[in-house]
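First to last, the protein sequences are chains A and B. My numbering puts the first sequence at residues 1 to 133. My numbering puts the second sequence at residues 1001 to 1136.
A hint or two may mislead.
Stated by the list, open to error - Distance condition first, Cα-Cα at most 27 Å in a straight line; then the derived DSSO-like pairs of lysine-lysine: (1) A:K115 with B:K1098; (2) A:K35 with B:K1128; (3) A:K33 with B:K1098; (4) B:K1128 with A:K122; (5) B:K1098 with A:K122; (6) B:K1128 with B:K1024; (7) A:K130 with A:K46; (8) A:K30 with A:K107; (9) B:K1098 with A:K107; (10) B:K1128 with A:K130; (11) A:K30 with A:K130.
To be verified - Coverage of chain B stretches by chain A, computed from C-beta distances (three or more under 8 Å per stretch; other residues unrestricted): (12) 1074 to 1086; (13) 1098 to 1105.
Derived from the structure by calculation, the hints contain no laboratory data. For every residue, glycine included, the Cβ atom is placed at its ideal position computed from N, Cα and C.
Residue strings, one per chain:
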Amino acid sequence: MTTAPHLLLVDDEPNVLLTLGMIFELDGYKVSKAKSCAEALKLLRKRILFDAVITDLNMERHDVGLDVARAAMLLDPRPVVVICTGYADLGNTQAALDMRVDYFATKPVDLDELKRAIRRLKQRNVLTRKIAG
Amino acid sequence: MTSAPNPEVKLALVVHPDLSVLSKFQETFKQAGMTTLLARDLPTALVALSQNNFEVAVISWRVSESGDGWALGATLRRIFPLAFVVVLANETSVPTLKEAINQGFDRLYDESHRPEDVAAQIIVDYSKRPGAAGVH
Chain A
1 MTTAPHLLLV DDEPNVLLTL GMIFELDGYK VSKAKSCAEA LKLLRKRILF
51 DAVITDLNME RHDVGLDVAR AAMLLDPRPV VVICTGYADL GNTQAALDMR
101 VDYFATKPVD LDELKRAIRR LKQRNVLTRK IAG
Chain B
1001 MTSAPNPEVK LALVVHPDLS VLSKFQETFK QAGMTTLLAR DLPTALVALS
1051 QNNFEVAVIS WRVSESGDGW ALGATLRRIF PLAFVVVLAN ETSVPTLKEA
1101 INQGFDRLYD ESHRPEDVAA QIIVDYSKRP GAAGVH
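Looking at chain B on its own, in the form it has when it is part of the complex (with noise of 0.2 Å):
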C-alpha cells in the first residue's frame, strides 16, 4: 500500500555536479525534515522538476558547464514563482549578485564554504520565509 504523500513534508531539489556535495545536502536537508531530490546534470533535473512540486531548490551556477546553473534558475523560477531558489555561485561579486537577481533567484552562496554549512544556512534563510512550516 502507498501512504499519500504527506503536504507538511518539503520537497527540495539539489543540482550540483559533485556528489559528495550532494549527499551533504541531502543529509543535512533530511535532518531539517525535508525530502531532497538530487540531480547531477540537466536532463536529469528537467524530468525532476516536470514531476514534482519544489518548495526549495539549490543550483550550481555550474552543472555541465560554467554558467548553464543560471539558465536552469530562471527556467525553475517561471515553473515555481513561490519557491525559495537559491544559487551555489563561484564567488559573490557584483556581476554574480546581478545574475542572481535578474534570473529570479532568492539567494546566492558562495560555494567556497562547505556544502552542509551552506545547507543550514538555506535552511535557516528559508525557514524565516511565510508558509516554511515543517522546516526546522
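Isolated chain A (complex conformation) (with noise of 0.2 Å):
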C-alpha cells in the first residue's frame, strides 16, 4: 500500500484553501492547511513531512510567504516548495529565484500545469537525494 503525498496549503484567503485543498485531495493528496505564515511555520517546526508546500506571498505582511517557502526548504527531506501569488514583483520573484525555491505561479493559477509540475518536482527531489546519496 502506498501513504498518499502529503501536501501543506498556506492561505490567508479561506476560498483558496478549500478550493485548492479539495483538487489536491481529489488528486490523492493527503492535505494540510495553514491560514497564515505562523500557523505554517508551527507545522514546519512538528517536523511533519510534507511531499509539497505552496505558499501564498502576502498574509500578515507584504511577501510573508517567502519565510513559509525558507523554512520548508531547509525540511529533511526537502519538499517541493511552490509559491503562489497575485502579486509578483522584481523584488519577490528575484527572492524566489534566490532561494531556489522550485516553482512560481502567479494567479490565476493554471490548475493542471500546477499539478504536473509538483508531480515533476516530486521525480526531480527523489532523483537528486539519490545522486546526492
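Each of the two chains sits in its own frame; use the hints to bring them together as a complex.
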C-alpha cells in the first residue's frame, strides 16, 4: 500500500484553501492547511514530512510567504516548494529564485500545469536525493 | 598516452549564438581552472550534454530562436539535477525570473552586461555552493 503524498497549503484566503485543498485531495493528496505564515511555521517545526508546500506570499505582511518557503526548504527530506501569488514583483521573484524555490505560480493559477509541475518536481527531488547520496 | 581526467577540474558548458561571447566565457572560466565546452546551436549542445557530466551550464535564453534556451535549461536540469545551471536573459523582469524558477535555473544574469563580467560573477556565485572546490 502506498501512502498518499502530503501537501501543506498556506493561504490567508479561506476560499483558496478550500478550493485548492479539494482539488489536490481529489488528486490523491493528503492536505494540511494553514491560514497564516505563523500557523505554517508551527506545522513545519513539528518535523511533519511534507512532499510539497504551496504558499501564498502576502498574508500577515507583504512577502511573508518567503519565510514559509525558507523554512520548508530547510526540511529533510526537502519538500517541493511552490509560491503562488497574485502580487509578483521584481523583489519577491528575485528572492524566490535566489532561494531556489521550485515553482512560482501567479494567480489565477493554471491548476493542471501546477499539478503537473508538482508531480515532475517530486520525481526530481527523489532523483536529486539519490544522486547526492 | 592519454591522462586520466582530473576529478577536481570542473566542466562547464556555455551555449550562446555569439562566438565572441563564447570565447570570453571560455577565457574567464579557464582562468578559474575550469574546462569549458562551447555550443553555438541546440544540436551541438545536446550532443555535448549526452557525452559529458557538467558541473556548470550557462545558457542564453535565445540560442537559435527567441526563448529556446529556456527549454534547453529545463532539459539540462533534468539530466544534471545537482549542476549549477544559469540563464543569460535579455532582461531581469518578473516574467524572465519566473521562467528561470520554473525551468529549474539556479540564477539569471542580464546579458546586457559584459560577458567577462557575467562570467566572473557566475564563478563567484558557483564557488559559494557546497562541492564547488577547485574553482577560484
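Here is what the structure says about each hint:
Taking the CA atoms of K115 (chain A) and K1098 (chain B), the gap is about 17 Å. The hint holds against a cut of 27 Å. Taken as a hint, the K35 (chain A) and K1128 (chain B) pair is broken in the structure, with Cα atoms around 35 Å apart against an allowance of 27 Å. Restraint check for K33 (chain A) and K1098 (chain B): the C-alpha separation of about 25 Å stays at or below 27 Å, so the hint holds. Using a Cα cut-off of 27 Å, the hinted pair K1128 (chain B) and K122 (chain A) holds, with the two alpha carbons roughly 26 Å apart.
Among the hinted pairs, K1098 (chain B) with K122 (chain A) is consistent with the structure: their alpha-carbon atoms are about 19 Å apart, no more than 27 Å. For the given pair, K1128 (chain B) sits about 22 Å from K1024 (chain B) by alpha-carbon distance, which is consistent with the 27 Å threshold. The straight-line distance between the Cα atoms of K130 (chain A) and K46 (chain A) is roughly 25 Å, inside the 27 Å bound, and the hint therefore holds. Pair hint K30 (chain A) plus K107 (chain A) holds up; C-alpha atoms about 23 Å apart against a cutoff of 27 Å.
Restraint check for K1098 (chain B) and K107 (chain A): satisfied, since their Cα atoms lie roughly 13 Å apart, inside the 27 Å limit. Between K1128 (chain B) and K130 (chain A) the alpha-carbon distance is near 23 Å, which keeps this suggested pair within the 27 Å criterion. At most 27 Å may separate the alpha-carbon atoms for a hinted pair to count; K30 (chain A) and K130 (chain A) meet this at roughly 24 Å. Remark: the stretch 1074 to 1086 of chain B is confirmed as covered by chain A, as 4 of its residues place a Cβ nearer than 8 Å to a Cβ of that chain, reaching the required three.
Proximity of the stretch 1098 to 1105 of chain B to chain A, defined as three or more residues with a beta carbon under 8 Å from a beta carbon of that chain, is established by the 6 residues found.
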